[in-house]
Amino acid sequence: MDERQLVAKAQSGDFDAFLLLVNDHKGKVYNLALKMTGSVQDAEDIVQDTLVKAIDKIDQFRGESAFGTWLFSIALNQTRALMATNKMTDLLPVEEYLLSVDTQNHSKESFRLFDWKDPHKLLEQNELRATIDEAIETLPLKYKEAFILRYYEELSIKEVADLLGESVASAKSRVLRARLALRDHLSKVLEGHYGRTL
Amino acid sequence: MGEHCSDYINNLNDYLDGEISPELCREIEEHIGHCNNCRIMVDSLKQTVSLCREGKEESLPKVLEDKLNNLLREKWNKKFHK
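For the record, the sequence lines run as chains A and B.
So the first sequence is numbered by my numbering: it starts at 151 and just counts up by one.
So the second sequence is numbered by my numbering: it starts at 187 and just counts up by one.
For the record, the hints were derived by calculation from the structure and aren't laboratory data.
Computed from a predicted structure; not experimentally measured.
Take these hints with a grain of salt, some might be off.
Straight-line Cα separation of at most 20 Å, SDA-like style, residue types lysine to any residue; simulated pairs [what the hints assert, rightly or not]:
hint	chain 1	residue 1	chain 2	residue 2
1	B	K261	A	L156
2	B	K232	A	K207
3	A	K338	B	Q233
4	B	K264	A	S162
5	B	K242	A	Q191
6	B	K232	A	R279
7	B	K242	A	E284
8	A	K178	B	L254
9	B	K261	A	A158
10	B	K232	A	H335
11	A	K271	B	L250
Excised from the complex, chain B in its bound form (with noise of 0.2 Å):
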């Protein structure tokens, strides 16, 4: 890996999710320590993905649940039971 950010930005997911080996990991470290706008690329993308998270899971609609038991019941039935 070269001196420059571009050269650092493939290996960046690897490094955020943390499965990166630990040698190229203490680079990419060590490049941030010192490159500003490497900093905020990777902090930015660090919360790209906190963000997203953010919003809370949707549960299934109540009637949604209704129409899919009598449907699936009705086409397991077909299936099974000719």
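With the rest of the complex left out, here is chain A (with noise of 0.2 Å):
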């Protein structure tokens, strides 16, 4: 049975065809909701919500989308809710990234990038995995969404534009800016670990 006959079917009351279209993406969920808050506690408390949201909303369900996406948009719904105050912190515009280390053409600078190599040769595992959550962490929720959306769930950036009801510029943006950040982060990180073991 493909989704569409499982949506209708759940439409008009089957539960077992309701347990088979959320039991493909509920794992989904609660990954999107644990690399969004960070937090075990919320990633289940967002997962339950999102899920009861979708049975009191499948009737509106009109298959635009498919229906992980459809869900996708209710728990980023209840993440935001749940993270409103983090919602005004903003991130250094793109070029900043470039320009807060050098002037505009830094490879005729003296300055030179920290080159990474293998971080793995630099960090643990779990410290490097530690560190990884923390830059996430750290990560304004506009653009963690954005980043989590693209490079965890694997999204298109047209799908990712749609989930967050922006423009495919502004979610391009986002993302670039988030990924900038995040590299930013580990790049003092690893640095001040390579400085450290010289």
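Can you join these two chains into the complex? Each is in its own frame, and there are hints to help.
So this is what it looks like as structure tokens:
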């Protein structure tokens, strides 16, 4: 039975059809929520609230997006509500990630970016994992959700834009700024560690 | 696109994700070929995503699975079998 048939059955009251629909996606919703909040308890609450909302709104699902994308949009709204205080912070403009360390053409300046080479040789796996989690944790919500949807959930930039209710250009900008900010955070930690091991 | 590194930065994600015109791709690669800092920037941006993806997917905790199944069935019955 395909997704459209399962949705039709669920909308007519078939609980097993609903379970089949959500079983394919609840793990992904949990991982999305876990990455967004960094908290198992919050992630569990978001999964629960998302699926309960999905029952409330199942009649309103028109199949304009995939069922999983629709669940993601509910989960993102739940996450935003939970993390409302995180909304006001912002990242540096894109150019600042170069300009903060250099002038317009850094190739002609004496400054050299720290070359990561192989980060696994600088940090143990668990330290690296903790550093990445911390870096993601510090991202403002609107950048964090764009990055997670693009690179963890592997959605296309158009799907990310649609889920966030933004233009493709805006979604691209958010993803890039998040990636630059994460790189910046990781680079500082790796360089600091490299300095200590000299 | 000009000669300055900052002119390239807005296109780096599209470049890294392979979503860029062949012409712009060649231009960026030519720049990276002679600009060490841009090479490092591109390499570390690439590694940023691959490092993030190294973490394994977490499974839904069993306790939550059981709790959810009961809760969802209860909500479902309320909605459809009032």
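Against the structure, the hints come out as follows:
The straight-line distance between the Cα atoms of B/K261 and A/L156 is roughly 19 Å, inside the 20 Å bound, and the hint therefore holds. Of the pairs offered as hints, the one joining B/K232 and A/K207 is violated, with about 39 Å between alpha carbons and a cut-off of 20 Å exceeded. Among the hinted pairs, A/K338 with B/Q233 is consistent with the structure: their alpha-carbon atoms are about 14 Å apart, no more than 20 Å. The hinted pair formed by B/K264 and A/S162 meets the criterion: a straight-line CA distance of about 14 Å does not exceed 20 Å.
At roughly 19 Å between alpha-carbon atoms, B/K242 and A/Q191 fall within 20 Å of each other, so this suggested pair holds. For the hint pairing B/K232 with A/R279, the CA-to-CA distance comes to about 16 Å; that is within 20 Å, so the pair holds. The suggested pairing of B/K242 with A/E284 holds, with an alpha-carbon distance near 16 Å, which does not exceed 20 Å. Distance hint between A/K178 and B/L254 is fulfilled; the C-alpha atoms sit about 15 Å from each other, no more than 20 Å.
Pair hint B/K261 plus A/A158 holds up; C-alpha atoms about 18 Å apart against a cutoff of 20 Å. Taking the CA atoms of B/K232 and A/H335, the gap is about 14 Å. The hint holds against a cut of 20 Å. Distance restraint check for A/K271 and B/L250: the Cα-Cα separation of roughly 38 Å exceeds the 20 Å cut-off, and the hinted pair is therefore not satisfied.
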